[in-house]
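Those sequence lines, one after another, are chains A and B.
Residues in the first sequence are numbered consecutively from 1, following the numbering used here.
Residues in the second sequence are numbered consecutively from 1, following the numbering used here.
The calculated label-pair distances, taken between Cβ atoms and stated as ranges, are: (1) B:D338 / A:N7: 37 to 45 Å; (2) B:G337 / A:H5: 43 to 51 Å; (3) A:D307 / B:L147: 43 to 51 Å; (4) B:A200 / A:N7: 51 to 59 Å; (5) B:A33 / A:Q210: 46 to 54 Å; (6) A:L8 / B:S12: 15 to 23 Å; (7) B:R327 / A:A29: 16 to 24 Å; (8) A:P305 / B:G258: 47 to 55 Å.
Source of the hints: derived by calculation from the structure; they are not laboratory data.
Glycine included, every Cβ here is placed at the ideal spot set by N, Cα and C.
There are 2 protein chains.
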Amino acid sequence: MQTLHVNLGDRSYPIYIGDALLDRAEFFAPHIAGRQVMIVTNETVAPLYLSKLTAALSAFDVASVVLPDGEAFKNWETLQLIFDGLLSARHERGTTVIALGGGVVGDMAGFAAACYQRGVDFIQVPTTLLSQVDSSVGGKTGINHPLGKNMVGAFYQPKAVVIDTSSLLTLPPRELSAGLAEVIKYGLICDEPFLAWLEAHIDALCAVDQVALSAAIERSCAAKARVVGVDERESGLRAILNLGHTFGHAIETHQGYGVWLHGEAVAAGTVMALEMSRRLGWITAEERDRAMRLLRRAGLRIVPPTDMTPDDFLRYMAVDKKVQGGRVRLVLLRQMGDAVVTGDFPHEILNATLAADYQALAEQL
Amino acid sequence: MQTLHVNLGDRSYPIYIGDALLDRAEFFAPHIAGRQVMIVTNETVAPLYLSKLTAALSAFDVASVVLPDGEAFKNWETLQLIFDGLLSARHERGTTVIALGGGVVGDMAGFAAACYQRGVDFIQVPTTLLSQVDSSVGGKTGINHPLGKNMVGAFYQPKAVVIDTSSLLTLPPRELSAGLAEVIKYGLICDEPFLAWLEAHIDALCAVDQVALSAAIERSCAAKARVVGVDERESGLRAILNLGHTFGHAIETHQGYGVWLHGEAVAAGTVMALEMSRRLGWITAEERDRAMRLLRRAGLRIVPPTDMTPDDFLRYMAVDKKVQGGRVRLVLLRQMGDAVVTGDFPHEILNATLAADYQALAEQL
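Chain A on its own, in the form it takes in the complex (with noise of 0.2 Å):
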């Protein structure tokens, strides 16, 4: 077992990651202040975890929310189902909200955390790889809004993060790989020698492997942990850690929430910002191909939808929150494991990679 401390001053917490961590209080129950806790899950994790941790918890007054599972129902309606419930058991202001779920379900739980009665304390338990190392750090909660994604929200940090990786041997391939394109990530943006032990250990992780994935996560957590620790409110060096999300986002609203997975997305957005960095003279055609193979190693996507146009793209990513003074600004790399965010750029390159032909990239690697 592992531990690594997100130092945010008074709002810092521990990030626990080890095998088998789910039924064992003693890594909740210091961080659970009063007597009430509400467990909030979805439909696909309740019948795996609930009763487990509900049974670790048995010295607290424990209820539940389960929610549909799904991007698709990251909106106010779910949200509510919350509240509902906690107002239903008449949880006060001292109860503690558990996430034990995917990314939807720690933004939602913990956004739901944020605004009841103002605030109440919140614990993370992400049982994805993709919330392990993403949505789980960082204090990012929120929902979706028709016009566009994670609109309404609040940068909440939990009081702990318990991730326990037996929790990836029931998680579909599909969202392992998912999770690994946030894995990748982490080298690109900040952290190259990362790129060629995942290079050497892509099998594995792909494998499930308990102690590759341990080692993956803990050096993601920490990546993150280290960006979130400099910039918390994200009005800098933060937004690194959105390589690949303005085109990502853009594919996810026009494909509607769900149908792509948000790593799916994230993985077609990245190889699209190598592309743009490739063509601004920054990185160098081998290395774009480099992490495009990587990433499909992972299991991964590296094509965007061919139905999008660019005109579609544009559309979407004008209200993505990385917009300032109506200008598009993007995560690009200026080499290989150092990200920037910028909005100089001629607006040409950017036209000529929403208009690249990805699929002929793809088959030439």
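Given the structure of chain A, go ahead and fit chain B onto it with the hints provided.
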């Protein structure tokens, strides 16, 4: 024009109080970081002040959302209109939301600002006495839930508060009285000398005397700023601001939101808190009567709804945010000008308070 500073570290902000500030850009412009401004108001206030404020901000890109008026609309559906407006007008993370209206507009616009893209800037322009002395100061924002008032929200500080006292000239007398309930509250909880000042000026205040109102607003805001400065997140002292609110919320919930004005419910709730403090032997019957007389001279009902039983009160009070460990905590007066928050009282005293004959108490004044 007076300026009051609310000291909250890097979330400090000024409160400007004076006559005809609404059309003077210099009070707004220094607090608007970008070029986009979204004015949130309601259908009562819009015809009176929206064009005036929009004209004053002609240097910016100003859009507006006009909400239906009333506490009954302080819910998710109405909040959604603000998000819809922001997204339809493509407002970015650098936008500034301005709340132009009473407490309901301020609570909703503030909560929308807290959540939109996980937080954008926010300026309060309270146009009712209640919101000027209460909800514009302290950073409480939120909406109601069918099972409880203000159950979903955030602590979120404005960049500035602009109080134009001339807006009270258009305020219905009933709402002026509701605001005076909160003004009187400050005297009761932490400023006993202010009670004597109020007894001397209550008729001038009811007659919308601008000089008297400015002085009362300044003294009320200063009192609240003092309390909030010590305890921003309501972990302790701040709860004394809720004198009369636990009983008052029960009244509002039972009657249906918006039937009694918030200030009216607080006034009747304050009478109940006075009576309970008297029954505990902390204040005298004469002191209780003095406060009741002042509330009545302010044009307020001092008798709780006669159709509410003690059980009605207890049922609604059980979901109040001040409940800790299942025990109801109340704001009571140790003496005039000195409030405490306590759950340490014999339950029969609470029951007797709930069952007391307030009609008879009012008649003997």
